[in-house]
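Asker: One letter stands for each residue in the lines below.
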Amino acid sequence: MRTAAPVAVAFLSGVILVISFFFNEEKTVVGGLSQELLNWVIIVGGFTLLLGMVSIIRVNWAAVQRRKENWIYRLFTLIAIFAAAIPSLLPPSWSPLFGRAEGSIYDWLFVYLQAPMMATMFATLAFYIASAAYRAFRARSADATLLLITATLVMLWRVPMGEAFLNLFPGDVPNIINDYIMNGANLAVQRGIIIGAALGAASMSLRIILGIERTYMGKG
Amino acid sequence: MMGFWDRMEKIDRRWIYLLVGLAVIVPFLIPMKFPVSVSPEARSFYDAVEALPDSCTVMLVFDYYPSTMAETEPMAIVGARHLFSKDCKIITLTNIPYGAPSMAESVTRMVAAEYGKEYGTDYVNLGYKYGYTAVLKGMGMSIEDIFPTDNSGTPLSEIPMMDSIVNYEQISFVFEVADNATADYWISIVNAGYGVPMGVGCTAVMAPKYYAFVGAGQIVGLLGGMKGAAEYEILIEQEGTAFRGMDIQSLVHFLIIAFVVIGNIGYFAGRRHRRKV
Amino acid sequence: MSGIEIFQIWVMAFFTLALFSFLYKDNPAYKLAEHIFAGLTAGYQVGLIWDTIVIQKLWDPMIYGGKWWLFIPGILGFLMFARLFPKYSWLSRVSLAFVMGTTAGIFLFTQLHGLVLPQMQSTMLALGGEDGFAAALLAVVVVIGVISTLIYFYFSKEHAGVLGVTARVGIWFIMISFGAHFGYTVMGRVSLLIGRVQFLIEDWIGSFSQMF
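Chains as they are written, first to last, in the numbering used here: chain A, 1 to 220; chain W, 1 to 277; chain Z, 1 to 212.
Please keep in mind that the hints were generated in silico from the structure rather than gathered at the bench. Please note that a few of the clues may not be correct.
Covered by chain A, according to a simulated footprint, are these stretches of chain W (three or more residues, beta-carbon under 8 Å) [stated by the list, open to error]:
| # | segment |
| --- | --- |
| 1 | 29-36 |
| 2 | 53-65 |
| 3 | 71-82 |
| 4 | 110-122 |
| 5 | 126-136 |
Just so it is clear, the structure is predicted and the values come from calculations on it, not from any experiment. Glycine included, every Cβ here is placed at the ideal spot set by N, Cα and C.
Working from the sequences, and respecting the hints, build out all of it.
Answerer: Okay, here's the thing in structure tokens:
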């Protein structure tokens, strides 16, 4: 029961979607059924995000209760969760500060705290990539040299000053980079990766539908 | 005794950070305004949008997180400007839960005000629904079935612009702005499955992959990172934040190339020195 | 610029600088910002999912739209929470299996029809086209690159003999592509930094003149 029921559910839902691929979505029963399942998966999947949130609260709450290391910071995590969540759940008819619209607490926290912090977190990567370029980007072998030369050429090609520099050389170097590196070797590799990954995803899908692949269920 | 290159190799990373910081700040104070060339991929994207019939309906998709706003938002802004300038109707939506519904709202509202466009008749923000594959597939049959209301909760049946729009058949173009793999699903599900033409504006990190889709004709064009956004700004003759950012990009790229060169000289010099010892 | 606008800019600047301060070294301001960021990211989802999924997709259509059968995905959704209780966690497998099965059903053909076939089709180009020698050469480069890349990633057989040579060619192609990736990645990361510096210089430092 613990394994058979999920396998049966995965098989049925998968098969309906697969069959619907061959039928007119708007005019057939299979099409209508698959559309219903798509709506269901949006609902069920939405709950997974809520589950994740509950898990974060549990982990942080436990750490605060037991006064684990950095518990005071975890307390701020909890405060932030509730500060964003509670006002967004209250009806905007009570106050314009509630709900999700512009002017609400929820929106304010997003615009003035979350968005700039998310952007800054990723902006710090610019420093790390510069440091990595200095420390780790070495022409240790022929392969690494090839990578290094291409990276340098593309870095020059993608900026106006670099392009002006490349144009000092004869033979329209920027166009050669676009045609033979980006639309030649790079395109070929990306195509190979896309084809390989898509074949892998399709075969994995088949394994899930047929119940061969069950690792997503976890243990027990 | 530690040689010069050995010391250079072991230099505190914070000096590198400081140089990067300076390279970003200086061009802000002294703009250089190097000319930005337009790539064939951006040109074909622009041409495809330009060739759309006036007043057609286009999906402008905000599939990006606030983390990459500096790269992606200029694309969304120029896209909305180009589309509104052609009197196209815009449907915005997103597959990203973090902030994208609000970003779609603020960008389109700002650009709509520039062109005198009104919500509900010229543009609609459908907002977010969980599960991109199900959402993209489901809209093939009925957009209203997947998005019963717009982002603010108004039923689609009460929005005049949505009266004549049922599914992808009424959509002339998808302008996808993305910082993640959802663009792949727009291509594999919507473009391949329903034949809706589309163009992708993506972060620089993603761009090399999408050359394969341009090459295969699955997307009409590509805007790769800040340079792509700057190219589109030039094409619609409205220089914005991306164009201004290219000066800084130039300086930082040269700095990083210098880091690579110095790092390698240090590596080889150090190796020779160690061999001698 | 009003007082509240200046306050908002300073809030953004504080958290921006707090996160950047990690570049120097770990410190309490960074830790505080990091933890608040994590909390807001989790909390942000609650209102969004409640509104866009639970209300708009489940409650309203089920209660007011007559779609009573939506209680099935509703129950499946609630079963997800069984994961929190070890004794009943297996029940969440049913919900998970439904999501996996449906997604697999969509993937099976869209991956083949939408990615594999068009990409293969555009690789098989006629060499004697109107575009001349350069285009033909490029087409050959692409064919060699695609095949050698696929062979390099084919791990079921030892890379020896002809397979080994082709995989070696694949590595060269991959190095060129990854180099291009690195070049582009630098631009991407710098763009994000430009965005923050732009805020700090234009908005935050710009607000000084309003204050003093």
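Asker: Broken hints, numbered, in rising order?
Answerer: 2, 3 and 4
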